[in-house]
Amino acid sequence: MASGREIKTKIKSTQNMRKVTRALEMVSAAKIRRAQDLMKASRPYARSMRKVIAHVAQASTDFSHPFLIQRDKVVRVGYIVVSTDRGLCGGLNSNLFRRLLPAVAEWQQQGVQVDVVAIGQKAISFFRRIKGVNLIGSVSHLGEKPKLEQLVGVIKVMMDVYASNGLDRVFLAYNDFVNTMTQKPTIDTLLPLPAVAVEMEGTVGVKLEQSHDWDYIYEPDAQTVLEHVLGRYIESVVYQAALENLASEHAARMVAMKSASDNANKVIGELTLVYNKARQAAITQEISEIVGGAAAV
Amino acid sequence: MTTIRVDIVSAEAEIFSGDATLVVATGELGELGITPRHAPLITRLKPGHVDVLLAGGERQQFYVSGGILEVQPQVITVLADTAARAADLDEAAALRARKEAEDALANRTEALEIAEAQARLAQAMAQLQALERLRKNLKH
Chain A
19 MASGREIKTK IKSTQNMRKV TRALEMVSAA KIRRAQDLMK ASRPYARSMR KVIAHVAQAS
79 TDFSHPFLIQ RDKVVRVGYI VVSTDRGLCG GLNSNLFRRL LPAVAEWQQQ GVQVDVVAIG
139 QKAISFFRRI KGVNLIGSVS HLGEKPKLEQ LVGVIKVMMD VYASNGLDRV FLAYNDFVNT
199 MTQKPTIDTL LPLPAVAVEM EGTVGVKLEQ SHDWDYIYEP DAQTVLEHVL GRYIESVVYQ
259 AALENLASEH AARMVAMKSA SDNANKVIGE LTLVYNKARQ AAITQEISEI VGGAAAV
Chain B
0 MTTIRVDIVS AEAEIFSGDA TLVVATGELG ELGITPRHAP LITRLKPGHV DVLLAGGERQ
60 QFYVSGGILE VQPQVITVLA DTAARAADLD EAAALRARKE AEDALANRTE ALEIAEAQAR
120 LAQAMAQLQA LERLRKNLKH
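Quick note, the sequences are listed as chains A and B, same order.
With our numbering applied, the first sequence covers 19 to 315.
With our numbering applied, the second sequence covers 0 to 139.
For the record, the hints were derived by calculation from the structure and aren't laboratory data.
Given the structure is predicted, the values throughout are model-derived calculations rather than measurements.
Don't take every hint at face value.
Stated by the list, open to error - Where chain B lies over chain A, by a calculated footprint (3+ residues, C-beta under 8 Å):
no.: 1; segment: 145-159
no.: 2; segment: 190-201
no.: 3; segment: 235-241
no.: 4; segment: 245-258
no.: 5; segment: 293-300
no.: 6; segment: 303-312
Said to hold, decoys possible - Listed below are the simulated BS3-like cross-link pairs for lysine-lysine, each with C-alpha atoms no more than 25 Å apart in a straight line:
no.: 7; chain 1: A; residue 1: Lys149; chain 2: A; residue 2: Lys91
no.: 8; chain 1: B; residue 1: Lys98; chain 2: A; residue 2: Lys165
no.: 9; chain 1: A; residue 1: Lys165; chain 2: B; residue 2: Lys45
no.: 10; chain 1: A; residue 1: Lys37; chain 2: A; residue 2: Lys202
no.: 11; chain 1: A; residue 1: Lys276; chain 2: A; residue 2: Lys30
no.: 12; chain 1: A; residue 1: Lys163; chain 2: A; residue 2: Lys149
no.: 13; chain 1: A; residue 1: Lys163; chain 2: B; residue 2: Lys135
no.: 14; chain 1: A; residue 1: Lys149; chain 2: B; residue 2: Lys45
no.: 15; chain 1: B; residue 1: Lys45; chain 2: A; residue 2: Lys69
no.: 16; chain 1: A; residue 1: Lys26; chain 2: A; residue 2: Lys202
The beta carbon of each residue, even a glycine, is placed where N, CA and C say it ideally should be.
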């Protein structure tokens, strides 16, 4: 049996660990709120965008934008992968990557080239290890309050390739924040814009029926405006995903750290028990030695 | 006096929402003054001020670094850009993103070596444990 002092040091170090995990847990709990507020604040923009796109796409059918056309033959696809910068958040990133890998493998089996744009340190270090995947752009360290400008670069890399007919599909992979306990690894089709996404929401549904009655006055013209709006829309969708992922990160970290703290508590309890038993045994032995000695005299 | 609802939103936040009697903004083709019952219109905005004359007569001014102005019968929506956006600025950002990816790939050494070493260490540990177990079994 380990000596009393050894057990004592072990208890001490476990207690220190618990201090750290508890602190991390509380920090994350506080940050979830802020991340959720950010998520909420960015929603009206995307909603208005969707309305405008639905209308413009409906009102002017005489031209089409590459973002809206479905391409039948697929030779090259792109993934925008949103991950966290730091670890200690349970299986958040690995769950997402585990969902991604089969999809990527399937494309590769069909002879389709896969390009990846990575957002977040974890995705960068994961994808540079994956063979046959082309990492064409990356950004990391977005911080607690991601700005859209930080994402503009990586999105443009992807969009440029898409616009030049290089890519046939673009997907967006991130962790969807359902609630504090649940984060759902999600892979969405970003381009070509799925028709459903454009026509989503009740207000648009109503408007679609009247939309033949009137059209906007376009300045300078419909094509330019639609192009502009679509670009901004894609950006806002990716930005939203980054925020979702941020909220997921904090939620996952909070849960992971909570279970780590609980674990530490259990270990400390067990070790204390062992320590007390060892102490008791030593005392008992001492007494019996004294008694034995006295009896001998 | 008739008013019209005005929403100014950016990708990061809702900036303004309220009723106004007049909205003045700088469109791509020139200055625009929009009053209630304006015909539906959609235009890109140049960097500049968006002036909103509230129903009470108060005037509020917002700076936008570009964006889109949409006029509908019931509502005027300004989709504001959050930062200065220009083609060459975007291009620079894209270049940066590309470069970072290249750096990440070129920079294989450090982080990757650590990861590889860790994997090898774990393997070695597992082998050692197996050996130990074998030895124990032999003793008994």
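Hints, one by one, checked against the model:
no., hint, result
1, 145-159, "holds (count 8)"
2, 190-201, "violated (count 0)"
3, 235-241, "holds (count 4)"
4, 245-258, "holds (count 6)"
5, 293-300, "violated (count 0)"
6, 303-312, "violated (count 0)"
7, Lys149(A) to Lys91(A), "24 Å, holds"
8, Lys98(B) to Lys165(A), "20 Å, holds"
9, Lys165(A) to Lys45(B), "21 Å, holds"
10, Lys37(A) to Lys202(A), "29 Å, violated"
11, Lys276(A) to Lys30(A), "19 Å, holds"
12, Lys163(A) to Lys149(A), "33 Å, violated"
13, Lys163(A) to Lys135(B), "55 Å, violated"
14, Lys149(A) to Lys45(B), "45 Å, violated"
15, Lys45(B) to Lys69(A), "22 Å, holds"
16, Lys26(A) to Lys202(A), "42 Å, violated"
Hint check: violations occur at hints 2, 5, 6, 10, 12, 13, 14 and 16; the rest are consistent with the structure.
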